[in-house]
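Read off the chains here:
2 protein chains.
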Amino acid sequence: MNTSTAPQVKSTEAGERAAACIAQFANETGAYDEEAASGRLKAIAAEQEAAADGTWTPSTEELHWAAKVAWRNSNRCIGRLHWRSLHLFDRRDIRTAGDAYEALIAHLRFATNGGRIRSTISVFSDRIRILNPQLIRFAGFRHADGSITGDPMLADFTDFALRLGWEPARRGPFEFLPLILQAEGEAPRVFELPDDPDVALRVPIRHPELDFEPLGLQWHALPVISNMDLAFGGLRFRTAPFNGYYMGTEIGARNLSDVNRYNKLPEIARLMGLDTRRDRSLWRDRALVELNLAVLHSFEQAGVKMVDHHTASEQYLQFEALEARQERETTGDWAWLVPPVSGSVSPLFHKEVRNVIKTPNYLMRDEAYP
Amino acid sequence: MNTSTAPQVKSTEAGERAAACIAQFANETGAYDEEAASGRLKAIAAEQEAAADGTWTPSTEELHWAAKVAWRNSNRCIGRLHWRSLHLFDRRDIRTAGDAYEALIAHLRFATNGGRIRSTISVFSDRIRILNPQLIRFAGFRHADGSITGDPMLADFTDFALRLGWEPARRGPFEFLPLILQAEGEAPRVFELPDDPDVALRVPIRHPELDFEPLGLQWHALPVISNMDLAFGGLRFRTAPFNGYYMGTEIGARNLSDVNRYNKLPEIARLMGLDTRRDRSLWRDRALVELNLAVLHSFEQAGVKMVDHHTASEQYLQFEALEARQERETTGDWAWLVPPVSGSVSPLFHKEVRNVIKTPNYLMRDEAYP
Ligand code: HEM
Ligand code: HEM
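Residue numbers (the working numbering), protein chains in the order written: chain A, 582 to 951; chain B, 582 to 951.
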């Protein structure tokens, strides 16, 4: 793990990158006139020289703008229409794992907001590391026979948490993993995620017509990605967890249905009385649609914000049109943008899009965490 | 239009391309030992020199092999497991549009085979051009108010046929387009496609449980692509129509459901009693699955060969495994290979694949036809 306390510079052209970033910031926001921009650049240059590694310290306003634009530039995200609405918590002053934990709980409370989810990012200094890939995830408990209770994708991380001394109250299929936080120079510490709906809200999955009760399905309200770096101006913030709200298919067509995740389609198909012996009965497709319907219905019933993939596709087209008006090309990653259910029904299926990475952006973290 | 009678060479390294092709042919088939291969190459070189444009004449055996390998190399095709089973009709001797028409009818008869569809290619010389994009397609008749009866994708081609003097017996939604064939130096001629189930088989679309009768849907049994060139050894055969059988989603998730094709999902959803005012009711997704089920069911009832997208995905994985055993990388085009229904349920969704174009291959024709 890198032990410097500030975000790392990725290039020797540190000055140029910072300058380009400030120019874009000034241009888009109008926050700096020419004089202010040139003053700001001088200050940054001085800081970069002193730091030797090219690091500079964005203002909170610059940071907020970069976080929003990084969202706008996230090629795999279908939800980018709302990029201007991102809330920022600037947590760069935090130095201890305990304080980071409090700040993350505050993030979750603010973002959850009784189901009226707010898109939010908290940016820490690199003195703090979050080892979880997402802030809220369900554990995957391994049994001696190799089977897993819970989310198989999180089984390695669950093992890691247990090795660090985590003592789960129960070992059911939907137990929140603890947060594992590490302050610079210290060992990783395990913090329980409170099973409190104001912090980590659960939504039981019911179907409007079918009896899904026996499946005992649920999911959490908030997707909070914590394994991507916020990159801009030659800097890389490694601890910058962000959340939006869910598109239904993420839960219905991936988390609960992927064969290497909760793999619930066979059970749902049996519950629906479908013929699971023949591929041609389309039992998987029918079960998939009903599961996705149940997810949307359940979030609506629970008063938790969620978008369906049809509405999201339309909103993406709106985003693209608004960007075009600003003379900005919308780049994107087709394979991620087209929803995993009824692909060809989405207008995005029928469009071409260039997968060119712009900056600011969110980049998958390049360090091996457990 | 190009008026030379032989396939065109695309490069100055005509000799090298032919040599590489013959070497691959000899290596894969064992048809030529070293001596035979070198003799064959001398003959090809002499022919290329005489032709000045680098053209050479593959033997029927070489042509057959190239057509099969071009299928094997078709990155967008999920049906490649069966590449060895391709039948060839070598029609390079045909010189008149009338004879070409007879040959195409023979192709359709042979391939249709009472529903036990045979994958088949007919290769003509460039003296013959087929102007249709597929041999069997339904017309799209434009009305004064801009609406279209039939397949909107074929409206331009329908206009073209009408301008050439085509007199359709009816102007319903499922009228076969005529074949439009052109012999070198002549005007395009219109040939009626006989409404004979041995030549152009129709399958009425019924649902196993729902009453689809009022929709009056049908499709044709045979997909015969006629707008791609067979390219190998520096040659490009511009008239080489080929067919396999359908994967259900091509009809259910594209031809009958795309908004700019037959656009039947709203009608089906209403017939199912779904709430089409709310995206979140997933009426499109539910209607899409039932339409696809109906397509598979109807082809099965009619005794017409068709593969579902689950079986096709599994067969693609088998193909890939067999290719790996031959130490050949399977290249592919992810966006085309992943089925347009329930994408993430297909194992192909979760794989990466390189979209590198190998030769022999089928390439979209580069001439503007109507
Ligand atoms: C507001 C509601 C939002 C919706 C509905 C939404 C929707 C989505 C969806 C469906 C994906 C694909 C996820 C997958 O298939 O695993 C995605 C990916 C992504 N989104 Fe969004 N998003 C939202 C908010 C945000 C926010 C607030 C950010 C950042 C500030 C963001 C950045 C990203 C990034 C970086 C990815 C790619 C993740 C990866 O590579 O694994 N999104 N989004
Ligand atoms: C035997 C049954 C076959 C099946 C089930 C099958 C399946 C498919 C499917 C589903 C597609 C995508 C079509 C689309 O989305 O528009 C496709 C594309 C393609 N297939 Fe196959 N195929 C079969 C036979 C063949 C044969 C015999 C050939 C050539 C000899 C072939 C060559 C191709 C090519 C070149 C494409 C790309 C077409 C384009 O770019 O528009 N396929 N196939």
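What the hints contain is simulated information worked out from the structure, not anything from laboratory work.
One thing to keep in mind: the hints can contain errors.
Treat identical chains as interchangeable: a pair holds within one or across any two.
[What the hints assert, rightly or not] Pairs of lysine to any residue residues, derived as SDA-like cross-links and limited to a Cα-Cα distance of at most 20 angstroms, are as follows:
{"#": "1", "residue 1": "K932", "residue 2": "A916"}
{"#": "2", "residue 1": "K932", "residue 2": "V771"}
{"#": "3", "residue 1": "K886", "residue 2": "D860"}
{"#": "4", "residue 1": "K939", "residue 2": "E908"}
{"#": "5", "residue 1": "K886", "residue 2": "V780"}
{"#": "6", "residue 1": "K886", "residue 2": "G696"}
{"#": "7", "residue 1": "K932", "residue 2": "R835"}
{"#": "8", "residue 1": "K939", "residue 2": "T892"}
{"#": "9", "residue 1": "K886", "residue 2": "R835"}
{"#": "10", "residue 1": "K939", "residue 2": "F691"}
{"#": "11", "residue 1": "K932", "residue 2": "D914"}
{"#": "12", "residue 1": "K932", "residue 2": "I729"}
{"#": "13", "residue 1": "K932", "residue 2": "W917"}
{"#": "14", "residue 1": "K932", "residue 2": "L903"}
{"#": "15", "residue 1": "K932", "residue 2": "W915"}
{"#": "16", "residue 1": "K932", "residue 2": "R657"}
{"#": "17", "residue 1": "K939", "residue 2": "R909"}
{"#": "18", "residue 1": "K623", "residue 2": "Q799"}
{"#": "19", "residue 1": "K932", "residue 2": "R842"}
{"#": "20", "residue 1": "K886", "residue 2": "Q896"}
{"#": "21", "residue 1": "K939", "residue 2": "E831"}
{"#": "22", "residue 1": "K932", "residue 2": "N841"}
{"#": "23", "residue 1": "K886", "residue 2": "R859"}
{"#": "24", "residue 1": "K886", "residue 2": "Q715"}
{"#": "25", "residue 1": "K932", "residue 2": "N844"}
{"#": "26", "residue 1": "K939", "residue 2": "R621"}
Results for each hint:
With identical chains, the CA atoms of K932 and A916 are at most 20 angstroms apart both within one copy (11 angstroms) and between copies (11 angstroms). In this homomeric assembly, K932 and V771 never come within 20 angstroms of each other (Cα to Cα): the closest approach is 45 angstroms inside a single copy and 34 angstroms across copies. For the identical chains of this complex, K886 and D860 are inter-copy neighbours only, at 15 angstroms across copies versus 35 angstroms inside a copy, given an alpha-carbon limit of 20 angstroms. For a Cα distance limit of 20 angstroms, the shortest separation of K939 from E908 inside one copy, 15 angstroms, qualifies, whereas the shortest one across copies, 38 angstroms, does not.
Taking identical chains as interchangeable, the C-alpha atoms of K886 and V780 lie at most 20 angstroms apart only when both belong to the same chain, with a minimum of 15 angstroms there against 55 angstroms between chains. Taking the closest pair of Cα atoms, K886 and G696 come within 20 angstroms of each other only inside a single copy of the chain (6 angstroms); across copies the shortest separation is 50 angstroms, beyond that limit. Taking the shortest Cα distances, K932 and R835 sit within 20 angstroms of each other only across copies (15 angstroms), while inside one copy they are farther apart (23 angstroms). In this homomeric assembly, K939 and T892 never come within 20 angstroms of each other (Cα to Cα): the closest approach is 26 angstroms inside a single copy and 39 angstroms across copies.
Taking the shortest Cα distances, K886 and R835 sit within 20 angstroms of each other inside one copy (19 angstroms), while across copies they are farther apart (32 angstroms). For a Cα distance limit of 20 angstroms, the shortest separation of K939 from F691 qualifies neither inside one copy, at 29 angstroms, nor across copies, at 54 angstroms. When the C-alpha separation of K932 and D914 is checked against a cutoff of 20 angstroms, the pair qualifies both within a copy, at 11 angstroms, and between copies, at 16 angstroms. With identical chains, the CA atoms of K932 and I729 are never at most 20 angstroms apart, being 40 angstroms at best within one copy and 23 angstroms at best between copies.
Taking the closest pair of Cα atoms, K932 and W917 come within 20 angstroms of each other both inside a single copy (13 angstroms) and across two copies (13 angstroms). For a Cα distance limit of 20 angstroms, the shortest separation of K932 from L903 inside one copy, 17 angstroms, qualifies, whereas the shortest one across copies, 33 angstroms, does not. For a Cα distance limit of 20 angstroms, the shortest separation of K932 from W915 qualifies both inside one copy, at 8 angstroms, and across copies, at 15 angstroms. When the C-alpha separation of K932 and R657 is checked against a cutoff of 20 angstroms, the pair qualifies both within a copy, at 15 angstroms, and between copies, at 17 angstroms.
With identical chains, the CA atoms of K939 and R909 are at most 20 angstroms apart within one copy only, with a shortest distance of 11 angstroms there and 35 angstroms across copies. Taking the shortest Cα distances, K623 and Q799 never come within 20 angstroms of each other, neither inside one copy (53 angstroms) nor across copies (71 angstroms). Taking identical chains as interchangeable, the C-alpha atoms of K932 and R842 lie at most 20 angstroms apart only when they sit on different chains, with a minimum of 16 angstroms there against 30 angstroms within one chain. Taking CA atoms no more than 20 angstroms apart as the test, K886 paired with Q896 passes inside one copy only; the shortest distance there is 15 angstroms, against 40 angstroms between copies.
Within a single copy, K939 and E831 get their C-alpha atoms no closer than 25 angstroms, and across copies no closer than 35 angstroms, so neither meets the 20 angstroms cut-off. For a Cα distance limit of 20 angstroms, the shortest separation of K932 from N841 across copies, 13 angstroms, qualifies, whereas the shortest one inside one copy, 30 angstroms, does not. In this assembly of identical chains, K886 and R859 lie within 20 angstroms of each other by CA distance solely across copies; the values are 16 angstroms between and 37 angstroms within a copy. Proximity of K886 to Q715 under the C-alpha cut-off of 20 angstroms is restricted to the intra-copy arrangement: shortest distance 19 angstroms within a copy versus 47 angstroms between copies.
With identical chains, the CA atoms of K932 and N844 are at most 20 angstroms apart between copies only, with a shortest distance of 18 angstroms across copies and 31 angstroms within one. For a Cα distance limit of 20 angstroms, the shortest separation of K939 from R621 qualifies neither inside one copy, at 23 angstroms, nor across copies, at 53 angstroms.
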